Each structure stands twice: as structure tokens, then as C-alpha cells.
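Construct the complete structure from the given sequences, taking the supplied hints into account.
2 protein chains.
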Amino acid sequence: MPRPSPFDLVRDALRRVEAQFLEDTVSTVSGITEIGQYLHAGGGKRVRPALVLLAAALCGVEGPGVIALATVVEMIHAATLIHDDVIDGAETRRGRPSTNFRWGTQKCVLAGDWLYMQAFKVALQLRHFGILDELITLTQAMVEGELLQQEMTGRVVTREQHLELIERKTARLFSVSCKLAAMLGGLGDDIIARLGAYGHHLGLAFQMVDDLLDLTASAAQLGKPVGNDLREGKMTLACLDAYAAASAEGRAHFECVLRERGYRSVAFDEIQALLAASGALTRARLEARQHAERARELILLFPPSPYRDALEDLPLLMVERAS
Amino acid sequence: MPRPSPFDLVRDALRRVEAQFLEDTVSTVSGITEIGQYLHAGGGKRVRPALVLLAAALCGVEGPGVIALATVVEMIHAATLIHDDVIDGAETRRGRPSTNFRWGTQKCVLAGDWLYMQAFKVALQLRHFGILDELITLTQAMVEGELLQQEMTGRVVTREQHLELIERKTARLFSVSCKLAAMLGGLGDDIIARLGAYGHHLGLAFQMVDDLLDLTASAAQLGKPVGNDLREGKMTLACLDAYAAASAEGRAHFECVLRERGYRSVAFDEIQALLAASGALTRARLEARQHAERARELILLFPPSPYRDALEDLPLLMVERAS
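These protein sequence lines are chains D and W, in that order.
Residues in the first sequence are numbered consecutively from 1, following this note's numbering.
Residues in the second sequence are numbered consecutively from 324, following this note's numbering.
To be clear, the hints were calculated from the coordinates, so they are not data collected in a lab.
Hints may be right or wrong, so weigh each one.
Straight-line distance between alpha carbons at most 20 Å, and here's what the computed DMTMM-like set of lysine to aspartate or glutamate pairs gives [claimed, not checked]:
1) Lys121/D / Asp456/W
2) Lys444/W / Glu134/D
3) Lys444/W / Asp133/D
4) Lys368/W / Glu341/W
Nothing here was measured: the structure is a model prediction, and the numbers come from that model.
Structure below.
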């Protein structure tokens, strides 16, 4: 019999997270409530709360505190997206008008602030200082990551700078999501660290694949224009690699797209040809797979269970996804 | 011998707060550090940290925790100002270019986020859940207050709506500043509540006088243009009162300034004449004095000390200030 899809195991708990999210994002000031809930209703894979729930089940930690933590990471994620959209001036998110486009900068700055505070407020009710330390440090690292991204936009950065960026922007929240329930349950530091490392590698793999899909998928698969990162001035891993391997002419192509913020003088096809010819796509895919594999190895150190199976399958499903 | 100025008693401690602020607002990402520190270097009266310090001394609470709390309230205040400037699109603050004007929306949204988190991080080190509850609830109320302000801008609101606004935007932080050290010191709930009520009334008096000065002081005294609130679409207490008492023609004058966002068709002199003729300035001054007096009465319930003297003098000094 085939294994169930990883998230199926926590389907009921995810529904409770949805309910708590809706309940806990009601502000006395109406504008705030609608922005957070609009974003949330827009979908998303709920990967982060699912990680909290699966890691909790893996460790035998259960109860309302686990649901609260899963809600908290989704709130932090939502707050980050609201402020990121303000900062990037994005007009759409997941195929719908972005909150920024719909409500304007003023309301979105405040709604994001409020949602960050609300996440901390819910977390605070668990009365666990270590979890609060973790969440505050995480949020600061993510905010700093977004600022780094601003500074790096339009530039050819080093591989290390790019890796720091995706660690802060994506992997850190994955890592913390995997650790929280074990912290709540008072498990040992080695277990918590192992779960954190699992989430870290999973998050890196997830982001690397996301960045690759932007370069290789069809617009229909993605539900948004392809080659979008480069159009926005973001050189992701494969592009940095292809750039380093390219001739002066090839480099000039990348620089031209970064400068023009679009595919006017250089077509996206030409960029794709450079990526393919250099082997950069293959190498980036390999790197994503290595992180997925590392995550898988780490989770196999836990005793067997359906939850371990789910967490074992997740990294490879992630790197093999087509959208 | 005349009593020393209220802040003189805590001059040394305030210097330690300054030092901790500079030390604790250093981010690994340089843009963040400079924005917070620029705003802080721009001055301000440091009323909020001084309140923390004076209330601590009044209650016999001392140590590095008190300095940390005074730093925290100044950080929250600074973060609020950074986001408020983004939202109001203000070009200046305290006679200098605003952070928003100098660094732009993107960096300022992130710097404000970071500074809020940093305030919580410093507070978290005190390992006191009650204080964290208080700070998170405060910050949310302030954020909601700014959103209310956005919704109220350009409109004639009720007196109650205006009072709710200044409670959230100013009095709440004053109130919490007065309570924090007593909470840290484990004092009784009645003492904490009394200090909170003192700060509440002091904050209302402070804001009412601030709003009055905008209508009555000279530009030289204020260091900024007068009649600025109304120009920005903000009807403060005396204006709301004068509006309620005015003829249809008088009301139309206020409405015209709100609509034009400036004194084009109606001169500021005409508004001042309406304010004076209606007695609204006198009544608003009286109301500010009543809050100051209420604060004074509350502080006199504490045993005599130089710190009580300072907190007793502060409300009246505040309502009598000319700038």
C-alpha cells in the first residue's frame, strides 16, 4: 500500500490551526482583521504549520499548545509576506492582488505590525521563555534577510551571500517550525537540534527548488510569469553559477536583464540557454537534492513511525514538485 | 530652596539608558542600526524612560533591569515613530528630515520591525511574563491607534473617538512606563494600578497640551509650523469643541481646511478666532489641567520622597510648558 501524502496525517490538526488563525487574527480595528485573513484565505501550502504538527507527533507532543505554535508560525509567515509586499511593491501574490495593492502601504505596514505582535501574544500564552527567545530571534533574522535582499537586488552577489539570504528568508522559519513542539514538550537539546537541522536543510531545498522552477517551469505550471526573479533583479543560485561560468558576452546578458529589469534587449530564452549550457541548472538541482537527502538522513535517526515516514518523504516530494 | 527639575534626579540613570540604547540597537545589517540611532540622536525629551526611572526609584526598585525597561520603552517609542513617519509620509520630525524621507519606505518598514523585535528581545531577558504581556498588549493598542488615526484623518469625529485615539497613541505608553518597574519589583497590584493611572492621566494631559500648543504657540516656540494638526486633517480636542459650538459658517471654515489640507481659502487666524470666541481653548486647557491634577493626587498617595516630589511636579510642569 502506498504511503499517505505527508500532510494527510495531520489534516484534522491543520483544520484546527485554520480555525485558530481566523479566531486569533480578529482586531478591534476592522482594517487589520481583513488584511491578515485575506492573505491567509489566498491559500499557500501551509507547509510551516504542517511541519510543527508532524514534528510534534514525531516526538509525542500533543495538546492545544501544539496547535497554538502551528498558528504562530503561520501568523509570522503572513506578517512577513504583508511587509515584504509593501517593500517589493508587488501587485500580485499567489495570483491575486497583493494586500499592498489592495489596501495600500499605510494599512499594510500596520496590519503587518499587528500580526507580528499577535503571533508573539499567542506564543506568550504558552509561558515558555525559550520558545519566545527562538521566535524573536527568528523574526529579527527574517527582517534582516529582507533588508539584505533589498541591498542585493540588481547585483551579482557571491554564492555565500545568496545562501545567507535564503537561510534567513526561508530556511530559518522551517527550522524553527520543526523545533518548537519539541521545545514545548521539554525534549532534549540534541533532539531539538536535530529537528532544527532537518528543517534547515528542508527549507534550503524548498527555496532552491522554488528558485529553479522560476527558471525552468512553464507559466501555466507556476501560475505566474517565469523568469520573474531575474526580472526583479534577483540572481538565484543557478544564475550565479551560470554567470560565474559564462563568457564576457554571457555575463553581459545577465547584467543587461538586471539593469533593464526585464527581457527587452535579452530574451528569457537566451538566459535559459546560458543556464542549460553551463550545467548550472543540473548543479543547482543536485544541490537541492543534497539538502533534501541530508534532511532525510537526519529524520531517519528517529524511531520508526508514520510521522517519521511523512517527514522522510517530504524532502524528496519537495524537490520533485513541478510547481 | 527650589526643588530640582524632575528629570535631574535620574540624570545618571538616563545616561545609562542612552548607552544601552546605542548598544542594543546594533544590527548585523547596517541600514537598521543607523535608522534607529539617527532617530534617537535627534533628541526628544526622553519623558518615557524618565518615567520608568522615577517610578522605579519611588518604589525602591533598582538595578540593571530598570535601565533595561527604560531602554525598552524608548525603543518601542522609536519604532512607533519610524512606522508613523512611513504612514504619514512626514518629511520632517523634530526639525530634521524624517527617517522615511532620508531612507525611504522600504528600509524604514524593516528598521521599525527590527526595533520592535529588539525591544521585546531586551524585555525578554528579564524573564517576566507579566511585563511581556503588558508590552505586547501596549504595542498592539498603539498600532491600532495609528490605524484609527488614519481612518479619522480629515473627518470631524466625536470627542470619545478622539479621546480613545490619544489614549492609544500617547497615554498608554506613559501608563505602562510608570508600571513596569513596580511589576519587575513584584509590588502589589494596587500600587501597580495606581502608577498606571498616574501615567494615564499624565499622558492625556501631555497630549492635550501638545495639541493645544499646535493651535496657540508661535512657530518659533514650536520649531515647526503652527496649525499643523488641522493642516494634516487632524481635529484635536479644542477644534472638535469649537466645531460643535460653531455656526454653520464656522463649521464650514473647519471643513474647508480639512478638505483643502491647508489654509488657502480659510486663514489660520480665522480658525484661531473661532477657537478663542467659543471658549474651546480655555475648556481644553482646563481639561488638560484636570488630568494633570488627577495624576498629582494619585502620586500623593505614595509616601514622601524626592522622587514623589518629582512625579508630583511633572504634571503641572507639563501643562505649563510653552513648547
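Tested hints:
| no. | hint | result |
| --- | --- | --- |
| 1 | Lys121/D / Asp456/W | 7 Å, holds |
| 2 | Lys444/W / Glu134/D | 10 Å, holds |
| 3 | Lys444/W / Asp133/D | 7 Å, holds |
| 4 | Lys368/W / Glu341/W | 12 Å, holds |
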